[in-house]
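Number of protein chains: 4
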Amino acid sequence: MHFGHDDKTNELLAKVTAFMEAEVYPAEAVFKEQVEQAVADDSWSFPPIVMEIRAKAKAQGLWNFFDPSDHGAGLTNLQYAPIAELTGRSIQLAPAAFNCAAPDTGNMEVLSMFGTDEQKKTWLEPLLAGDIRSAFAMTEPQVASSDATNVELSIVRDGDEYVINGRKWWITGAMNPDCKIFIVMGKTDPEASRHRQQSMILVERGTPGFEIIRGMRVFGYHDRDHGGHAELRFTDVRVPASNIIGGEGEGFAIAQARLGPGRIHHCMRSLGIAERAIEMMSKRASERVAFGKPIAEQGVVRDWIAESRVKVEQLRLLVLKAAWLMDVAGNKAAHTEIQAIKIATPQTVEWILDKAIQVHGAGGLSQDFPLAEWFAGMRTLRFADGPDEVHKNALARAEIKKWA
Amino acid sequence: MHFGHDDKTNELLAKVTAFMEAEVYPAEAVFKEQVEQAVADDSWSFPPIVMEIRAKAKAQGLWNFFDPSDHGAGLTNLQYAPIAELTGRSIQLAPAAFNCAAPDTGNMEVLSMFGTDEQKKTWLEPLLAGDIRSAFAMTEPQVASSDATNVELSIVRDGDEYVINGRKWWITGAMNPDCKIFIVMGKTDPEASRHRQQSMILVERGTPGFEIIRGMRVFGYHDRDHGGHAELRFTDVRVPASNIIGGEGEGFAIAQARLGPGRIHHCMRSLGIAERAIEMMSKRASERVAFGKPIAEQGVVRDWIAESRVKVEQLRLLVLKAAWLMDVAGNKAAHTEIQAIKIATPQTVEWILDKAIQVHGAGGLSQDFPLAEWFAGMRTLRFADGPDEVHKNALARAEIKKWA
Amino acid sequence: MHFGHDDKTNELLAKVTAFMEAEVYPAEAVFKEQVEQAVADDSWSFPPIVMEIRAKAKAQGLWNFFDPSDHGAGLTNLQYAPIAELTGRSIQLAPAAFNCAAPDTGNMEVLSMFGTDEQKKTWLEPLLAGDIRSAFAMTEPQVASSDATNVELSIVRDGDEYVINGRKWWITGAMNPDCKIFIVMGKTDPEASRHRQQSMILVERGTPGFEIIRGMRVFGYHDRDHGGHAELRFTDVRVPASNIIGGEGEGFAIAQARLGPGRIHHCMRSLGIAERAIEMMSKRASERVAFGKPIAEQGVVRDWIAESRVKVEQLRLLVLKAAWLMDVAGNKAAHTEIQAIKIATPQTVEWILDKAIQVHGAGGLSQDFPLAEWFAGMRTLRFADGPDEVHKNALARAEIKKWA
Amino acid sequence: MHFGHDDKTNELLAKVTAFMEAEVYPAEAVFKEQVEQAVADDSWSFPPIVMEIRAKAKAQGLWNFFDPSDHGAGLTNLQYAPIAELTGRSIQLAPAAFNCAAPDTGNMEVLSMFGTDEQKKTWLEPLLAGDIRSAFAMTEPQVASSDATNVELSIVRDGDEYVINGRKWWITGAMNPDCKIFIVMGKTDPEASRHRQQSMILVERGTPGFEIIRGMRVFGYHDRDHGGHAELRFTDVRVPASNIIGGEGEGFAIAQARLGPGRIHHCMRSLGIAERAIEMMSKRASERVAFGKPIAEQGVVRDWIAESRVKVEQLRLLVLKAAWLMDVAGNKAAHTEIQAIKIATPQTVEWILDKAIQVHGAGGLSQDFPLAEWFAGMRTLRFADGPDEVHKNALARAEIKKWA
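Just so you know, the protein sequences line up as chains A, B, C and D, in that order.
Counting from 0, one number per residue, gives the positions in the first sequence under numbering that gives the first Met the number 0.
Counting from 0, one number per residue, gives the positions in the second sequence under numbering that gives the first Met the number 0.
Counting from 0, one number per residue, gives the positions in the third sequence under numbering that gives the first Met the number 0.
Counting from 0, one number per residue, gives the positions in the fourth sequence under numbering that gives the first Met the number 0.
It cannot be assumed that every hint is accurate.
Heads up, the list lumps identical chains together, so a pair's fine if it works in one copy or across two of them.
As the list claims (entries may be wrong) - Okay, derived cross-link-like pairs now, DSS-like style, lysine-lysine, Cα gap no bigger than 27 Å in a straight line: (1) 401 - 282; (2) 292 - 31; (3) 31 - 282; (4) 331 - 14; (5) 331 - 120; (6) 292 - 120; (7) 14 - 119; (8) 282 - 331; (9) 14 - 400; (10) 7 - 57; (11) 401 - 14; (12) 400 - 292; (13) 119 - 400; (14) 401 - 119; (15) 31 - 120; (16) 400 - 282; (17) 292 - 401; (18) 400 - 7; (19) 57 - 401; (20) 179 - 55; (21) 31 - 14; (22) 57 - 400; (23) 57 - 331; (24) 179 - 14.
Simulated from the structure, these hints should not be mistaken for laboratory data.
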């Protein structure tokens, strides 16, 4: 057992830290202004500053860290974890800057693992190059999304084409006009066995019958900077049969393969959010004076800061262990650990953000600080890929079985 | 000791309940659309539907319930409490419909108690009539607002005028162009004793030098329906000397007089929010099916619903007792109880809203349900009139003293 | 609505307060010594000091407050509530001193409501006089006691007698040799409908075949002062047929009738424990110095004290409301409120005791202070009459039904 | 980074697991009976079964795992951690069985690091051999023990002797007659600088003037099996000058050196308690039927089990990381991590035990299961070596300083 990072990770951490300090943190103020402007312009594209920083990062080879293949940085999950955490410290800017933002990362993984050569050439390459963006359309408004077998969108073969009908919502990134390609999950065979009914199919933006209805908001946020969360309608949308990914009936398996890394990446980045919040809370507590002394002198504020530190240290180690297990024993072997971090992360980081907000006073809830927006994002993680309660239930069932 | 409402209250409750069912709840959908449109139009006025319902309520004499005088409904705090709770069930519509919305209610109380005849004629009458709206400008961005003696805005006598310079923020209602009058707290005599330095002064919208800088947002919400929360700048703003309220040095005393009822009104309405959330959570749990059964069958969901009921019953009784104490022994005698409900209300109702959101799935965080917006509003109560921690500290000090 | 006590209550409160100060609190130290001695002597009787105080209380007419009939103090539940709370402040001494201790109170109620004249003469009169003690034997080791229909002890008619076989545990008071009479719940007709199978029967201490196996301990406490918690075995125990209470098949109904008041009395007394703990915590915080200042100056300690006050005020009002509802509308109408206080009381008071212990340092866990023993007693309330979870489940079911 | 144990650890784990299964778990029932008997006999010695198992363990070389030197097992902290956790699964039997029980381990470390050759020969050797037991006397009843500089017991040089006067309490192990040697902390020079006033001195049991006053109880438990917790009085106790450890003024430094490993050992063992509790809770939930189904089917019970697993996984990793840091960078470098586990362990394990008790019903609080006794022990850890609040305060101070 050993708790230090390897040399490769440390070197990369140094580079990414330097880039964060030189390019990312100083850009946060401009980014905020540009996002405000985007509201006025009703724009959903990446703000210009993001494009500028992406260009610099790409030029320096700080790119595609998430990608374990030789197209990317070739990092293991364990090596990627602290890098991803670092990007979480500027969650709206940094993951996008390094082409490591969800949902593109998961989509690239899907195409990389299950795509045909043609699919890779047409969609994976521009995604890896950062030229386009993508979306993953699974959740549907009318069914409980906690069970992937519930999807109702229909995909019907008709000659050389598939015809798609149905609705989706909470499709992150879809409002961004640069989001050119959608991986859409639906049912090709409602008569097949429970986990063989679903397929994944590629739908290009602008295909006739494909409509973007509206952007879902989280609390009052549009999340324009990462392309919002769209509600979509598919009405007799026709795509070439070659757009199917991995074959009919493979949809559930692909979804499962995509979820493991997706979940842990969220958790890794969330650690960065927590660390930034602790830093902000500590600084604010030192600077803000009330009743004649810095609020850092107040016992309750200290209690929050101490608990935050104690919580985040524990959480990080579990995320790292899950990453290591995925590396050495596979995603399936890390199932319990991935569930555990999926459960622990939002509750922990939400708690820390709540306290950081409280230390900032009413301003902490406003546009003057990013804390409330981070809280909103973290709150969604208690639903993303199924509500916490579903995961706890499954984890407990496995635990009880161990002893039965 | 007796836990039933008196006849007057029960009769009024019946009338208000009927009005809510006939006019308010059915209007919620239209209201929501109009608020969405207001964003597009950058409007901050009351949505038209509110004006329509106000007219109907006023015509039926369902008006100014908050006002204990004979201008209003002549209710005690204890009688008003369940009415205010009822309006909290449709928090964005109902308080405004009955001319019982903050901050107007508190401002009318200030004018009623401390205003000159001329001030009453010019400002109180149109407020009571619902013809204009008002704001209360106390909080400042650069100082901890938890201590009312901290205000820095300067009010300097110059002949027959006062000259005002300074900044304010979180001035609720101020973005609404119908908000015609501002009660502004500032310092007239920085040399006076600590609680005699402050004065309240009336500033009319549009006075030269008075600027509305921007609207503060709460979790991304503009709160347009109740006039937002403005940041204001006063630059050599000149008002007639007769605009002072109650005389120089009275500002702190007036602020204190205003706070007691203001706090308890918030708490009363919050009970209505909690009740509506429990209702929504219960209904949703009955209707939504996951893994083959209504989620109302899940033990964890039941636990949330039971805890919600147990919490809200306790909270309501304490709010009612505080109201009763204010009636029979005065606001000062009810000090501890008012502090206690100020502390207990947001933490309790926030907890309930969090669970109601979780039962609604991701939709619970979106614009499709009001729960996230209510959560955001409730979260601000942990700061309003000073953060919880200040109140807990004071309450504990008094408790310890009892036994020393 | 009115939150003040009536004159009768206030007069009685004054008398009981005076008695507590003159006789009860000063006796606590002696009581503790005598309980220690009881361990050495393996005695389970009331310590002598309790008998002395009982005699004084009885002589002053401070006796049987719990009894709403004209044998007792003739108090309503609402009038009894603050008196019971007062006795809770010295929970090991005061309820016994006034002949208001469980389980005797509930047993007297059963005999009073359902007993024959002979049963009343033989058992109720000496209990009201405080000459003997009693026990209520319902819980069984081998079945989940959360459902009263589960009892398995068999009661079989044989001529003029009933023959009893079975086991019971957690029979409070039974170790005390003065506990002369047991109300035993068992099955007389396993074939009857679910709530008609059970009966209650009187078994005198010393009846052949009746054995006291051992005392159950709670944490490490024997609870000798209130007669411990016994495990009992009944082997062909024969009692006269006239010992049945209320008739065969009435057991379940009697148990239900007994539970309502039993639960609320526990809650009333628990408020007194909480108040005493807050007082002790506040005093200790003032007196104990660490790192150069009283720990009352520490923000975290203040937070605990404030939260304790806020919690206990809310809890008390709900207990009082439940008592009032029982008085004006009957125990059935107060069902939800009784469930609510059954759920809220132990979790609230346990929380307060935990903090009071922490303020007392390690001594707070020891025999030098009563806090840990109170905590242990409060912890048992989360099981008594069924675990919290059962009550929450039922309460939630009713809440959901309201909205379905 | 790597999360697997090394071969040495895995081999030892296998051996200790086998021994636990062959000797320890089967002996738990006998042990319990013997402890009950010890109460009757007022005995404080190790129960005979412990002596038998110790003999077997020693014979198999399963001995002194805690000791990193070549007298012991030569394990690093990281290697010892999972072994210690394993012994925590039978916390009353296993640590003693392997001569790894507190406070002997810490005392042996003190003698090993700071003792003279003669002290080692006289006291360390029989302790390592398991022939005697020892105690560490630091805490005093009259001062806040959270600050080691507070000790008041006086140690005065008088010729070739030291004369000791003062009081101590909570001296674990001291009631056991086999506890032959006491390491006593006191002041040799009240005029010296703050951390140079204290010294450690050896006092043999039976030295004139040395009295054992009484055993402190924890939640009613005597903790006879590990020698109780004594209150001691020293009245002109005279010991040879050679009994001083490390020299006058070294007391504070020795105390600090002892605390780091002491704390982490407690945390390691506590993980074993938590694991055993999860196992018991899971098994009981599978077996116990209520309302027609195993309580493992209840959502709330599953929620507890899932949360327990998620919590304990995080806690363990932080304990292991702290151990690793101590090994590679020294105890000082691991300061924050040791504080963090000191804070996190009791609150986590207490929570798990509370839920495990609830799943066991009232029996869970009684002598029929070890859960309540474990809870009591865990509760003391929130005070041991200073209350949590002191540690949180210090940890927060350091965190804030990082960002100032």
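To see whether the hints hold, each was checked on the structure:
{"no.": "1", "hint": "401 - 282", "verdict": "between (46 Å within a copy, 9 Å between copies)"}
{"no.": "2", "hint": "292 - 31", "verdict": "neither (32 Å within a copy, 45 Å between copies)"}
{"no.": "3", "hint": "31 - 282", "verdict": "within (21 Å within a copy, 40 Å between copies)"}
{"no.": "4", "hint": "331 - 14", "verdict": "neither (32 Å within a copy, 29 Å between copies)"}
{"no.": "5", "hint": "331 - 120", "verdict": "neither (29 Å within a copy, 55 Å between copies)"}
{"no.": "6", "hint": "292 - 120", "verdict": "neither (62 Å within a copy, 45 Å between copies)"}
{"no.": "7", "hint": "14 - 119", "verdict": "neither (30 Å within a copy, 53 Å between copies)"}
{"no.": "8", "hint": "282 - 331", "verdict": "between (41 Å within a copy, 25 Å between copies)"}
{"no.": "9", "hint": "14 - 400", "verdict": "between (46 Å within a copy, 26 Å between copies)"}
{"no.": "10", "hint": "7 - 57", "verdict": "within (19 Å within a copy, 46 Å between copies)"}
{"no.": "11", "hint": "401 - 14", "verdict": "between (44 Å within a copy, 22 Å between copies)"}
{"no.": "12", "hint": "400 - 292", "verdict": "between (54 Å within a copy, 16 Å between copies)"}
{"no.": "13", "hint": "119 - 400", "verdict": "neither (42 Å within a copy, 50 Å between copies)"}
{"no.": "14", "hint": "401 - 119", "verdict": "neither (42 Å within a copy, 47 Å between copies)"}
{"no.": "15", "hint": "31 - 120", "verdict": "neither (35 Å within a copy, 46 Å between copies)"}
{"no.": "16", "hint": "400 - 282", "verdict": "between (47 Å within a copy, 9 Å between copies)"}
{"no.": "17", "hint": "292 - 401", "verdict": "between (54 Å within a copy, 19 Å between copies)"}
{"no.": "18", "hint": "400 - 7", "verdict": "neither (40 Å within a copy, 30 Å between copies)"}
{"no.": "19", "hint": "57 - 401", "verdict": "neither (48 Å within a copy, 32 Å between copies)"}
{"no.": "20", "hint": "179 - 55", "verdict": "within (23 Å within a copy, 51 Å between copies)"}
{"no.": "21", "hint": "31 - 14", "verdict": "within (25 Å within a copy, 49 Å between copies)"}
{"no.": "22", "hint": "57 - 400", "verdict": "neither (48 Å within a copy, 36 Å between copies)"}
{"no.": "23", "hint": "57 - 331", "verdict": "neither (33 Å within a copy, 42 Å between copies)"}
{"no.": "24", "hint": "179 - 14", "verdict": "neither (31 Å within a copy, 56 Å between copies)"}
Going down the numbered hints, you'll see the structure goes against 2, 4, 5, 6, 7, 13, 14, 15, 18, 19, 22, 23, 24, while the others check out.
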